[in-house]
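**Student:** Protein chains in written order, with the working numbering: chain E, 916 to 1235; chain W, 26 to 346.
A few of these clues could be false.
[Claimed, not checked] DSBU-like, lysine-lysine: derived pairs with alpha carbons at most 35 angstroms apart: (1) W/Lys296 - W/Lys271; (2) W/Lys292 - E/Lys1066; (3) W/Lys293 - W/Lys271; (4) E/Lys1063 - W/Lys293; (5) W/Lys292 - W/Lys271.
FYI, nobody ran anything at the bench for these hints, they're computed from the structure.
One letter stands for each residue in the lines below.
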Amino acid sequence: MTVDRTVGMFGGGAGEFTAPAQSPTALEAVRLAKRYRGTWALRDCTLSVPAGRVIALVGPNGAGKSTFLHLVAGLIAPTRGSVRIFGEPVGQRAEALARVAFLAQDKPLYDGFTVAEMLRFGRHLNPGWDDALARQRLAELDIPLNRKVGKLSGGQQAQVALTIAVAKRPDLLVMDEPLANLDPVARHDIMRSLMAAVAETQLTVVLSSHVVSDLTNACDWLVVLNRGQVQISGEVDELLATHRMLSGPTELADGMAARMPVISDSRSERQADLLVRTGPGTPLRDPRWKVSGVSLEELVLAYLRRPDATALPRPTLTTT
Amino acid sequence: MLWLTWRQHRMQVLLTTALLAVLGVVLLISALGTAEFAAQNAPAPECVADTPACSAYLGEMNERIRTVGELLGWLSLLAPAVIGAFWGAPLLAREFEQGTHQLTWTQSVTRRRWLAAKIVGLGAAVTLGGLVLAGMVEPWLAAFDVPPYNVDRFDMSWFRLVGILPAAWWLSAFVLGMATGALFRRTLSAMAVTLAVCALAFFGLLRAPSSYATPERVVQATVMDDPAPDDSLYVTSYWIDGSGVKYTSQERELALAGPCGTDQTTKKYAKCSFSHGYRQVTEFHPADRFWQFQWTEAGILLIPALALGGVAVRRTLRPRI
């Protein structure tokens, strides 16, 4: 995780990458594609995310989220393209595996094991295992170590799975729909534990969900995947700052739409509502238009309805 | 890794050990009882079956060995089938079924090492179990193998329970189960297929040892005792005439009914039959082919099983789904 590596990776005129130079790249996918029996689950997915972020991977069902995360975790191999984690290619090597922790969708655990045995499993299979951290987390959560995993509640099982992932001490934690099938209290608890773990260990986290509202408070980077392609990748604050809802007279809408990219456009006889992407430093001084901010949910929804519109870092890596 | 393998499969290991122990006790009791009986009642080693004392003794020994032997005969089928279904099939299938492969394969141990530990560890345990079984059946047979009683080591009831065959059967069934588990990814289907293939292999090979080599052929032109030694593997016997044409005994009876009469039990009939140019042919495998046959069958089992296992391992290691 040195600055050198970042510079090396993007040096040599690879493109004007605008990410801050002091933050190394945690996750980089280049033209990543995966085909299952003739159908492309993921097509030409290029993405670069700085370290230390909590990245929300959002998209409708079947958008390729799980496939993307499985590729990042090294569970499957890409049909084309490559994934790198902190500059190292993903794959079946012990060093590469040690850097990534993966929490699969159903949070699989060995049901017949006791919680203590699950910890022992983690200790035996991970040289960097932090047993004190694991025990402390479980003690705080009041999860008995001698209970069989299969006898725990869904929320507790999710906590055990998260504990094992965190105690592995990875640099990158990948979670596939960690909140699915959990009740609201468990969802809240899981997100809180996750945030505590992030604060303690400087993890980079990627988590997917098809429910945007689950992630709004926790995540500072948003990736939207739609139909196997990356539609949005950017810092949440920046995305919110550069998108505006403009409400004004319909007869002026065409003129406005010509001046900046319109993501969504709904017009009635008299009023038009345009969700636009404003460039930085281009304030709109027209009193006939009302300008308001957008929520992350509105933003994602607008993009998902317009698969051809993209919001990617300006400019992304040049493809060779 | 050793701990994980033990923790996940200790049930199978403990149950198999317990069943082997029970079998050991049964064999021990049978062997001790037989040894005692033999020590008290054995007639002279060279006794002839015709004398009542001798035939009663041989009959009792036969009764004793058959009682346990029939049970053992089924074990040659059941044990490998159970090993394949309960040791082999769940090994990968259960991981896929419950999604735990996603947990285990994303720890810091490579899939290759994980799989190697499981296959080598459990494969070694299964092989050891098979050898232990042979090591228990062997002395049990030895308790009977005291003259004048003679134990036929090719007997179907225990040919697959002595020497290296139990180990070969168990190991191939285990690899077969593992492979079907990797290919089907469903424990129940993998178990069913494993059981079916084990049964097919068992019944397919049941009488196959006779054909593992060209049998010895003895042609009799005079009246003599059975030319095949007691501990050999009998294949077949038939009659030929002077020009070498094969006859079944029925055809020969018809042909000889005129000159020699119909009472086949007398030596006179046999002499008459030989004097008319008939020769009796007996085919058998001598006892010293025992190990050759053991290794032949081990190869027949292990080569396809290991090839299939190799395919399954390659498919599992390739990051696919």
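**Student:** Could you run down the list of hints and mark each one as holding or not?
**Tutor:** Now the hints, each set against the structure:
The suggested pairing of W/Lys296 with W/Lys271 holds, with an alpha-carbon distance near 19 angstroms, which does not exceed 35 angstroms. Proposed proximity of W/Lys292 and E/Lys1066 is contradicted: the alpha carbons are some 80 angstroms apart, above 35 angstroms. Between W/Lys293 and W/Lys271 the alpha-carbon distance is near 22 angstroms, which keeps this suggested pair within the 35 angstroms criterion. Note on E/Lys1063 and W/Lys293: the hinted pairing is violated, with a Cα-Cα distance of about 81 angstroms set against a maximum of 35 angstroms.
A threshold of 35 angstroms between alpha carbons decides the hint, and for W/Lys292 with W/Lys271 the separation of about 22 angstroms falls inside it, so the pair holds.
In this structure, the hints that do not hold are numbers 2 and 4, in rising order.
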